[in-house]
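Asks: Sequence:
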Amino acid sequence: MKTDVEIAREAKLENIEKIAEGLGLSRDSLIEYGKHMAKISKETLDQCQEKEDGKLVLVTAINPTPAGEGKTTTNIGLAMALCQRGKKAITALREPSLGPVFGIKGGACGGGYAQVLPMENINLHFTGDFHAITSAHNLISASIDNHIHQGNALNIDLRKIIWKRVMDMNDRALRQIVVGLGSEKNGFPREDGFDITVASEIMAILCLSHDLMDFKEKVAKITVAYTVDDQPVTVADLKVQGAVAMLMKDALLPNLVQTIENTPAIIHGGPFANIAHGCNSLIATKTALKLADITVTEAGFGADLGAEKFLDIKCPVGGLKPDCVVLVATIRALKYNGGLAKSDLGQENIQALKDGAVNLKRHISNLKKYQLPLVVCINTFPTDTEEELETLENILKEEGLAYARSTCFAQGGQGALDLADRVLEALDKESNFKALLSEDMDLEEKLLCLAREIYGAKDVIYSDQAKKQMEKIRKEGLDHLPVCVAKTQYSFSDDPNKLGAPTGFNLTVRELIAQTGANFIVAKTGDIMTMPGLSKDPAANHMDIDKDGTITGLF
Numbered sequence: 001m002k003t004d005v006e007i008a009r010e011a012k013l014e015n016i017e018k019i020a021e022g023l024g025l026s027r028d029s030l031i032e033y034g035k036h037m038a039k040i041s042k043e044t045l046d047q048c049q050e051k052e053d054g055k056l057v058l059v060t061a062i063n064p065t066p067a068g069e070g071k072t073t074t075n076i077g078l079a080m081a082l083c084q085r086g087k088k089a090i091t092a093l094r095e096p097s098l099g100p101v102f103g104i105k106g107g108a109c110g111g112g113y114a115q116v117l118p119m120e121n122i123n124l125h126f127t128g129d130f131h132a133i134t135s136a137h138n139l140i141s142a143s144i145d146n147h148i149h150q151g152n153a154l155n156i157d158l159r160k161i162i163w164k165r166v167m168d169m170n171d172r173a174l175r176q177i178v179v180g181l182g183s184e185k186n187g188f189p190r191e192d193g194f195d196i197t198v199a200s201e202i203m204a205i206l207c208l209s210h211d212l213m214d215f216k217e218k219v220a221k222i223t224v225a226y227t228v229d230d231q232p233v234t235v236a237d238l239k240v241q242g243a244v245a246m247l248m249k250d251a252l253l254p255n256l257v258q259t260i261e262n263t264p265a266i267i268h269g270g271p272f273a274n275i276a277h278g279c280n281s282l283i284a285t286k287t288a289l290k291l292a293d294i295t296v297t298e299a300g301f302g303a304d305l306g307a308e309k310f311l312d313i314k315c316p317v318g319g320l321k322p323d324c325v326v327l328v329a330t331i332r333a334l335k336y337n338g339g340l341a342k343s344d345l346g347q348e349n350i351q352a353l354k355d356g357a358v359n360l361k362r363h364i365s366n367l368k369k370y371q372l373p374l375v376v377c378i379n380t381f382p383t384d385t386e387e388e389l390e391t392l393e394n395i396l397k398e399e400g401l402a403y404a405r406s407t408c409f410a411q412g413g414q415g416a417l418d419l420a421d422r423v424l425e426a427l428d429k430e431s432n433f434k435a436l437l438s439e440d441m442d443l444e445e446k447l448l449c450l451a452r453e454i455y456g457a458k459d460v461i462y463s464d465q466a467k468k469q470m471e472k473i474r475k476e477g478l479d480h481l482p483v484c485v486a487k488t489q490y491s492f493s494d495d496p497n498k499l500g501a502p503t504g505f506n507l508t509v510r511e512l513i514a515q516t517g518a519n520f521i522v523a524k525t526g527d528i529m530t531m532p533g534l535s536k537d538p539a540a541n542h543m544d545i546d547k548d549g550t551i552t553g554l555f
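All the letters of the sequence shown, read from the start, carry residue numbers 1 to 555 under this note's numbering.
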């Protein structure tokens, strides 16, 4: 089969104005970035608020494996199939980060014949949203060091600056650095470090803001450091929230593109559900709900991370009520969870499939706790045998679940028609959505609830550092905030090697960070890092461009 970029290059793209026209939008509704990409204008977003919301479908998956589960591909294929069934459907996705694009994970445009286009532009600089976030974040960083250099009127303790710098690239050498070396003109030497841009609190705020003014108010509340008297220092104290909001003015507008079948796609905001909350922006989701009968959105990595954060953080903040959840599973990934080596996943192995199905069952059990109609998508691969597929279907029948096979990677929307039918049936049922975490739980109660109810842990263990941070969070009256767990995506536990559905382990919280602008607490567990590194043989080593501008190696 052709590569993703070859398939994308052969596709016939419509002018973005025609895609907008299908949503009832005029050319004046757009801020165009060439022929095939546009932002939806603020005026149009304001006008859309008068319309009724359509249905909201969340696509999530079992824990990711090296075999790949095809969650984004399924999202796109399902949206295209719903359009083929005569529905006005939009796929609402997250933007790709350059870190994984040049690393090992890849982009975020789907694959095969279920892609969003133009994939080369989207996977690279797109409309510049992540560059704006990087600049806005680092403006705050520069303002902190400049304030200290200019006399430190706020009495900032150089040992208690918690605001790092960011860049949208995997670069392990920048995790821990020293800045301000050289002469006194270069400021004061101190320890610093970089996170990847998608881990920035600016990204989280972009994704959880209702509009520009809400964004500016949230940015003003960001805690960047503490004084020598241990009092919080905020962006408002530095007086740069207006400048940050100015930099983000256009980046807050959602991006309109199209699928390979010329159906609409809105792509905006935040990947990385293992270190952030991993959902696209509230603005994008709400806009899609106003423009379409059905919005098909996604959350990053497995349901224990992205879906949980979508349902426990994004939905309560945005007042969203999902109507259905689609859980993506593959035979290959289940066999991997059953102990089969990656090199053997193409061989039939019923026992490994049955053993690995515990991972799927755990996700099913977890999602049922949110009281939402649930459909399982069996994303098929050419190596799947009929006996393996029937074995998985029998497991799902025993669970009493609706399910469908999907071949959208190879067949586009046509390959997801059965899935679309099951989703439409689910949308006829009533959604009794209720978040698992309630506002009246304190931070410890929320972490213990997630550990036991979602991850299968016995208890939560806190490092000495986390214990001190817990005391500080309580002292500042922040322990009522939602919690965003930073955890490995490969396991329900905080150990990436514990596959399947482990139980009886302790979840170790290493660090607690109050993100007072985004309005949640980040709980870092295990060895999770907010600045990834490149692999020994990163994808960047296999990419190239010729004199005609033709790109190769981009998936």
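For the record, the hints were derived by calculation from the structure and aren't laboratory data. Built from N, CA and C at the ideal position, the CB exists for glycine as well. Heads up, a few of these hints could be off.
To be verified - Mimicking DSS-like on lysine-lysine, the simulated pairs with C-alpha atoms at most 25 Å apart in a straight line are:
1. K354 to K321
2. K12 to K87
3. K354 to K498
4. K369 to K51
5. K342 to K87
6. K368 to K354
Unchecked claim - DEER-style ranges, computed between Cβ atoms:
7. H149 to K434: 42 to 52 Å
8. E217 to A142: 37 to 47 Å
9. G86 to A11: 15 to 25 Å
10. T227 to E21: 25 to 35 Å
11. R27 to M213: 19 to 29 Å
12. D464 to P496: 18 to 28 Å
13. N394 to Q49: 42 to 52 Å
14. T385 to K51: 41 to 51 Å
15. G86 to M246: 37 to 47 Å
16. G400 to K472: 41 to 51 Å
17. V179 to D546: 38 to 48 Å
18. E32 to A11: 43 to 53 Å
19. D344 to E217: 23 to 33 Å
20. Q351 to S41: 50 to 60 Å
Asks: Each of the hints needs a verdict: does it hold here or not?
Replies: Do the hints match the structure? See the list:
1. This hinted pair does not check out: K354 and K321 have alpha carbons roughly 34 Å apart, beyond 25 Å.
2. Taken as a hint, the K12 and K87 pair is honoured in the structure, with Cα atoms around 22 Å apart against an allowance of 25 Å.
3. The hinted pair formed by K354 and K498 meets the criterion: a straight-line CA distance of about 17 Å does not exceed 25 Å.
4. For the suggested pair K369 and K51, the alpha carbons sit about 31 Å apart, so the restraint of at most 25 Å is broken.
5. For the proposed pair K342 and K87, the alpha carbon gap of about 39 Å is over 25 Å, so the pair is violated.
6. Of the supplied pair hints, the one linking K368 and K354 holds, its CA atoms being roughly 21 Å apart against a limit of 25 Å.
7. Under the hint 42 to 52 Å, the C-beta atoms of H149 and K434, about 51 Å apart, fit the expected range.
8. In this structure the hint that E217 and A142 lie 37 to 47 Å apart at CB is violated, the actual value being about 22 Å.
9. Hint check: G86 to A11, Cβ distance near 22 Å, so the stated range 15 to 25 Å holds.
10. Between T227 and E21 the C-beta distance comes to about 55 Å, which lies outside the given range of 25 to 35 Å.
11. The hinted range of 19 to 29 Å is satisfied by R27 and M213, whose Cβ atoms lie roughly 27 Å apart.
12. Between D464 and P496 the Cβ separation comes to about 24 Å, which falls inside the hinted range of 18 to 28 Å.
13. For N394 paired with Q49, a C-beta distance near 47 Å keeps the hint of 42 to 52 Å intact.
14. Checked against the hint of 41 to 51 Å, the C-beta distance between T385 and K51 comes to roughly 47 Å, which is consistent with it.
15. Between G86 and M246 the CB atoms are about 44 Å apart, so this pair conforms to the stated range of 37 to 47 Å.
16. A C-beta distance of roughly 46 Å is found between G400 and K472, which places it inside the suggested range of 41 to 51 Å.
17. Look at V179 against D546: about 40 Å separates their beta carbons, and that is inside 38 to 48 Å.
18. About 19 Å separates the C-beta atoms of E32 and A11, a value inconsistent with the hinted range of 43 to 53 Å.
19. Judged by the Cβ atoms, the range 23 to 33 Å given for D344 and E217 is violated: they are separated by roughly 54 Å.
20. A hinted range of 50 to 60 Å holds for the C-beta pair Q351 and S41, which are about 56 Å apart.
When the structure is compared with the earlier hints, violations turn up for hints 1, 4, 5, 8, 10, 18, 19 and for no others.
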